[in-house]
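Quick mapping for you: the protein sequence lines, in order, are chains A and B. Mapping to the UniProt record's numbering: the first sequence position 147 is 147, numbers consecutive. Mapping to the UniProt record's numbering: the second sequence position 102 is 102, numbers consecutive.
The hints are simulated quantities; they were obtained by calculation from the structure and are not laboratory data. Even for Gly, the Cβ is constructed at its ideal location relative to N, Cα and C. Hints may be right or wrong, so weigh each one.
[Claimed, not checked] Non-contacting residues of chain A with respect to chain B, defined by C-beta distances greater than 12 Å in every case (computed):
1) 59
2) 96
3) 118
4) 120
5) 124
6) 188
7) 191
8) 248
9) 352
10) 367
11) 379
[As the list claims (entries may be wrong)] If you want a taste of the chain A side facing chain B, the calculated C-beta under 10 Å gives, among others:
12) 51
13) 80
14) 84
15) 98
16) 147
17) 198
18) 199
19) 284
[To be verified] As a list, the in silico EDC-like pairs of lysine to aspartate or glutamate whose alpha-carbon atoms are at most 16 Å apart:
20) B/140 to A/127
21) B/140 to A/144
22) A/170 to A/207
Spelled out from the first residue to the last, the chains are:
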Amino acid sequence: MTGDISTKVTRRTLLAGASSALIASRAWAQQPSEVKVGLLVPISGMYARPGTVMRHGAEMAIDHINAQGGIKALGGAKMKLVVLDSGDSTEKAKNAAQRMVAQEADLVAASGAYLSSFTLAVTEVTERANLPILTLSYSDLITDRGFKYVFQTSATAGSQARQALPQIVKLAESASGKRPKTVAILTDNTAASVASAKSMREGLLAENQLQLIVDETFTPPLADATSLVQKIRSAKPDLLFFLPTVISDAKLLLEKMNEFGLGQGKIPTISFGIAIAEPDMLQTVSPELLQGVLTCVASWGAKGHEVLITELKARYKEPWMTQNAISTYGDMWVIKEALEKAGKADRVAVAEALRSMDAGPSKYYPLGEIKFDEKGRRVGAGMTIVQWQSGVPVTVFPPQLALAQPFWPKS
Amino acid sequence: MHKFRSLLPAVLFTMAYALVSLSVTNSYYQLVLTLVPVWAVFGLSWNLLSGYTGLISFGHAAFFGIGAYTTALGQIYFDLSPWLLIPVAAMLGGIAGLLIGFPTFRLQGHYFALAMLAYPLAILYVFEWLGFQEVTLPMKRDAPIAYMQFGDPRIYTLLALTIMLATIVLTRIIEQSRFGMALLAIKQNEAAAEAAGINTLAWKLRAITLSGAIAAAIGAFYAQVLLVVTPQSVFGMLVSAQALTVAMFGGVGTVWGPVIGSVILIPLAETLHAEAGARFPGIQGVIFGFAIICVILVAPEGLFWKLRDLLRKRFARATTTEVTAAPHTEQPGTAIVTPLPVARKRATSEVVLEVRNLSRSFGGLKAVQNVSFKLHKNEILGIIGPNGAGKTTLFNLLNGFLRPDQGEVLIDGRNMSGERPHTICEAGIGRTFQVMRPFLRMSILDNVVVGAYVRAKTEDEARKLAADAVARVGLSDVADRVAGELSTKELRLMELARALAGQPRILLLDETLAGLGHGEADEVVAVIQQLARDGITIAIIEHTMQAMVRLVDSFVVLDHGAVITEGEPEVVTRDNRVIEAYLGKKWVAHAPH
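All chains should be modelled from the sequences, with the hints used to inform the complete structure.
What follows is the structure in structure tokens.
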């Protein structure tokens, strides 16, 4: 409604000839002084914490961009972050997206919305409003719908598993001297976990000559992990793929593994996603239990990000830089790049710039380039493998980004 | 005509809402405007079952989710249009209602509520297991209208409003028909409703089927608005809670409740989320919850009833001053019926009800053992006995609440033992209850109409029968007053009228004189005598003998579940066994012989 009133006012004032020049010049002067970028993430409810970390990343990037002189193609215009809360449900996320496109009419691009299902709902709105949006969500579905205004910076869930498996096998082989043959999959039934487990079951394991001997799906939150761990103990797989989304489930299983004498790397444990490497883990699980646990994530603070990691620690008291911080940091730089290329603060032009962008190797996302294919997926998007070492999850793969050497738990 | 007038506010409200929404061009406000009628309809569907029958459903998300997934999967896998899928969803929702209702209606009260809670949660896991964690509706750029994907968001609001108006009209029609009356009767006292000839299971199944269909239809539409369906967003606990919240906040058991609740709560939650939440993330939930708690404390039955009561009170105060100014000439109540000592038709030898060797035990307790007696046409039979003698159990066996372990109940020579109460009521047996359960907010006439449906084919006929019955007990003057304002005596008479409205040939009266003062009891006795004169056969339970001696033709005396004696009042009251049962052995010696 505010938009409606202001256009009416403008129209009426334009008729009053004398002031029209003033308004027009102000409108012209306003444009380059500030460019608004949206960040639609959960900052309330059960996903508030990852959303807040995304906000940290975005704020740091905006400060750095502005300190370097803003958007040069727009006469040094400063970037301004508009944060919207996607809440904790799909409906709230959709409402927030509608609010974003209706009330922040001058946004040129946005980033969001953490959870895949939120991103799916949000992009239904942004697509119709021609607002380009960058996302770190994994779901393949996001860029499978033929949408033109969504850009996925992470490797998709399917692609991550495909990339990770050969690396894990190689890692195990070089560290322990023998190639793993059997695996167990323990997964919860959330969308991202199910997608990863599905691609492993349907071909990936076979491609890597791995045999699936235990396959269990559970519904979070787990009440008791005993029966799951017993199955693993009796089957003795060479690798355990453990895909939790809820921290309490991760804690329960790791503790039970330890109790049964399988912990601390007796059976190498590999996870997918960020849950098992969140700072919150340390509040409930001791670092000894976590030592050696690996997880495959789309992005992580890595080599070349040392200064950023230090700044994040100092400014926001975060113990390390997760995917949420570094990816969102990168999103702002990509949007800046697109604005430079578009040469005007216009969402359609920015989207077009993103589509045709070819800005060379990626600095803030792992591997690949700052370039998007026809689906909106980042070309060559890689992923990182992170390992818990002395109470900190550090990037150990790929080698060019690794901050530490991986070690394979001795069995 | 009356029906159309009662719909006028709904039509006006919908039109005003449509006008407002047409003038809103901001797509975000428009989305909120769309969601208000969506949740209102969901609340209305919940209200149709839980508001009217009082059987609280914590699981309406089951229907909502089925609807949502119908539109989503129907479009993805079969490329069907939502215009077709929404009616299909309604059908599936109705079937789900029937399937869920049939086993679950065996449970009552909290058990029903908890069982309902389980359905959406169970279905949620099924959909997760099937791999439908995230489903998006395909975008149809070439045929947006055929697939209900409008560029102009106002059309969604208009569609939602259409569904809402249709639901309101449907609810109003139900409210004013025997359907609504039956549901209300179930809410007050399911047993009494069954005894009044209402087939409670059939009506409850109809209610849950309709309710499920409406919930599924609106769930289907919701998916179309949200475009993304996840098990949590349509089967989740919060979805079921949403229906309860809007209905309970606005008012339960009225068509306006869910609408009021939705109109206030949905925009409030969204505004808080947008405004307060931006400054203090999370505060919106605290304020929202606090607001709901405050309203529930002040208006436990919902805003609608609170406002209505306030308005009534103000209106009543304005009118009572006028009334008291005029001289009080006429005493309302039973003044017309005066006890007549005139001899009535004596009981004939024709047997209308015969009980043969009736027995029923609860575990080791033999509540009724081997009871036999005959009820003759036009007779008033008093069944007496000390507390715990098995009198009410006997009545429950007679009208079908309990199945006898053995024995027969013959009505006009036909064995009816073991039949459902509403069937026995149809056969011509009416009954009242020891504990009165009037519908406090309804007028006397409306209270009585419930009992008339067993005989009446049309609404008008039911009204006529009810008015008749009210006249027979002498309550015509106060027929329009709400039951909550009545005295115990008037309530007893109203109960009697409700039983009479079904035109029974035999009336079973359970302690109709209990709790009445001396003069009041006489008035009620007079009414009962008049009924007997009009040809109704009556069996009455009482444990005090005084009033009974003047009323009845003969007594059956029960003690410890068995008949100890029967016969004329003068004989029975002198019987040693009766005195012993009532007063104990040592009093027998003092009894006058």
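Item checked: Hints violated by the structure (listed by number, smallest first) -> Of the numbered hints given earlier, those the structure breaks are 2, 3, 4, 5, 6, 7, 13, 18 and 19, listed in rising order.
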